[in-house]
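**Q** Build out the structure end to end from the sequences listed, making use of the hints.
Same order as they appear, the protein sequences are chains A and B. For the first sequence, this note's numbering assigns the number 192 to the initial residue and increments by one for each residue that follows. For the second sequence, this note's numbering assigns the number 7 to the initial residue and increments by one for each residue that follows.
Since the hints were derived computationally from the structure, they do not count as laboratory data. The model shown is predicted, which means the values in this text are computed figures rather than measured ones. Any given hint could turn out to be false.
[What the hints assert, rightly or not] Covered stretches of chain B, as calculated for chain A (at least 3 residues, CB under 8 Å): (1) 23 to 29; (2) 44 to 57; (3) 84 to 92; (4) 107 to 120.
[Stated by the list, open to error] Here are the simulated BS3-like cross-link-like pairs (lysine-lysine), alpha carbons at most 25 Å apart as the crow flies: (5) B/Lys183 <-> B/Lys154; (6) B/Lys58 <-> A/Lys455; (7) B/Lys183 <-> A/Lys200; (8) B/Lys184 <-> B/Lys24; (9) B/Lys184 <-> B/Lys154; (10) B/Lys24 <-> A/Lys455; (11) B/Lys213 <-> B/Lys58; (12) B/Lys58 <-> B/Lys24; (13) B/Lys113 <-> B/Lys184.
We put the CB at the ideal spot given by N, CA and C, even for glycine.
For reference, the chains in residue letters:
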Amino acid sequence: MQTAIIMHKRDLRIALFGPVLHIFTTVSILVGIVIIRNYLSYIESNGLYPMPDLFSFPFRWVIIVTGVYIAFSAVVAIARERESGAMELLFYGPVDNVSYVIGKYSAQFTLYCLLIVLYLICFLILSNITGVQIPASFFMMMLLSVFTGAYLISVGVFVSMVSTSVRSATLVFLALIASTLLIQGSQAWLSNIAPVSDYYNPVLLLQQLLGWVQIGLSWLSPFSYLNYGVDEMLRGNMNAFLRVIGLSIVFCLVFIVSSVIGLKFRGVRQ
Amino acid sequence: MISTRNLTKTYPEVEAVKDVTLNVHAGEVYGFLGPNGAGKSTTIAMLLGLEKPTSGELSLFGTSLENNYFSIKNAIGVVGENPYFFDEMTAWEYLSFHADIFRIESKENRINQLMEHVGLRQYANIRPSEYSRGMRQKLSFVRALLHKPDLLILDEPVSGLDPHGIRQIRELIEEQKKSGTTIFISSHILSEIERTADRIAIMHKGKLLVEDNLDGLRYSVDQSVRVNVEVTHVPESLPTVLSDVPYIVDHNINGQHIEIRLDGSSDHRAEVSAAITASGTTIIGMETRKASLEETFMTFTDDNVVGLSKAGEVE
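**A** Given below as structure tokens:
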């Protein structure tokens, strides 16, 4: 565990002192601010709230993008460490598969949590400036995002542990994310089309097919968990909300254990 | 210290290491020789637990790596063929990080002492990517020595270094040898192994051909004694005289230099000297020459003569 802590500190330090994270965070916050500004302009010109919670959508956008970014940087960093031989170097010493995976994962997860706290501070400041109160559901969503983010990062760590190169790890991870978002988006888009009631209509078949895929995906995708958990929480269904948190933790642990096993089989050499 | 029995590593397309049985004793320098692709690095990877053997047994410090992973890893220092570093760290940060992993107390003193010793102290705050290859290799040595290991595993430590760098690394190895560290050194630079190793193993095409000290290796490939003689002039009768001497296996005259190969039954130098002088010339120099490690190595690894090596150790 001591080794994992040392690696955790090193990775955290590298990420915090690197420029990319700061650029990414600044851009994310700016995008969030732009969305809120557009809402405020809408309110100013129409005298209406566009949605009950002004901050939920921009915050959800920011944490999803942040989760994907942190998971992606974990994928690249670990795969690059193997490709450069630095992973092998670590295993010359008293580093084993478990301490390596935990060290790497915990560094990325801590980073994600730090960014969530940073975003929270920014949104609290915005709330203060605009005079719009942040509802309790916002904080519940923030709590949920910690667990869904943890799950998403564990997927990234798993992909990097079992892949053969930086390129393959990057492609596999991006393909996973893109296909998940594409399926969810397509299903939502197709469900808005109202086909003529006909059992042989291809749109209907596609809707049904994507609906099944969506049901399957809703059990696996961290994005689905976030959306579902927020929706259920807003409906007051706290059992479903807690179930989503529990499932996120379970899947996170499954992927961390799979990462350790995957690393054992894949090996640390280039 | 290191012991393997029938160690085998098979990949889908190739059998990289086949039934390797070797023993490295405490305190010795063990030279691990073989041409490129012989299976040396795969064997080392198995010793370090980086590759899982397909079959066979392996023990370090009398125990298996699975049972005592952390205690064994804490007692080993490794210098790999390619010195790996972390791009974002200076040399000092790199060593400090490794010192933390090995939980070294008063790491600052230890790092400064070793950096001073290898002449890198003034470059401690520079990133290793800006170092020369020799400096990077020395830094790898410092990293490997930080925790005062009982066993040092060196994989091609002087590969790609200039003569000055090779000398510095050799001095480091000799210092460690004097301090009693067991050293397992893999290389295809034979002169380095010849200088430092107490015992030598030769690998070829995944198999361990032989394991012995240098004299034992020489003897196993060639029992004859080579004598080089320099004379003032070569009389016409000299070739006949040499051919008539029963214990001279063969000879070769090149100008004033005569290379004679004697059977190894006993020391015949006095008789050779007398025979040459009797032919009417004067000897101005004579030296006995042993087969070099390179010649021995080539004999062992040459497919055509592999069968000449020690009976029972080679197929």
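**Q** Are the hints correct? Go through all of them and say.
**A** So, going through the hints one by one against the coordinates:
Under the rule that three or more residues need a Cβ within less than 8 Å of chain A, the assignment of the segment 23 to 29 of chain B is violated, with 0 such residues. With a threshold of 8 Å between beta carbons, the proposed coverage of the segment 44 to 57 of chain B by chain A holds, since 5 of its residues qualify and at least three are required. Only residues whose beta carbon comes within less than 8 Å of a beta carbon in chain A count, and the segment 84 to 92 of chain B has 6; three or more means the coverage holds. Under the rule that three or more residues need a Cβ within less than 8 Å of chain A, the assignment of the segment 107 to 120 of chain B holds, with 3 such residues.
Of the supplied pair hints, the one linking B/Lys183 and B/Lys154 holds, its CA atoms being roughly 13 Å apart against a limit of 25 Å. Using a Cα cut-off of 25 Å, the hinted pair B/Lys58 and A/Lys455 holds, with the two alpha carbons roughly 9 Å apart. Pair hint B/Lys183 plus A/Lys200 does not hold up; C-alpha atoms about 36 Å apart against a cutoff of 25 Å. For the hint pairing B/Lys184 with B/Lys24, the CA-to-CA distance comes to about 33 Å; that exceeds 25 Å, so the pair is violated.
In summary, the hint linking B/Lys184 to B/Lys154 is supported, as the alpha carbons are separated by about 13 Å, within the 25 Å threshold. Between B/Lys24 and A/Lys455 the alpha-carbon distance is near 23 Å, which keeps this suggested pair within the 25 Å criterion. Using a Cα cut-off of 25 Å, the hinted pair B/Lys213 and B/Lys58 holds, with the two alpha carbons roughly 17 Å apart. For the suggested pair B/Lys58 and B/Lys24, the alpha carbons sit about 14 Å apart, so the restraint of at most 25 Å is met.
Pair hint B/Lys113 plus B/Lys184 holds up; C-alpha atoms about 24 Å apart against a cutoff of 25 Å.
Comparing the model with each numbered hint stated earlier shows that hints 1, 7, 8 do not hold.
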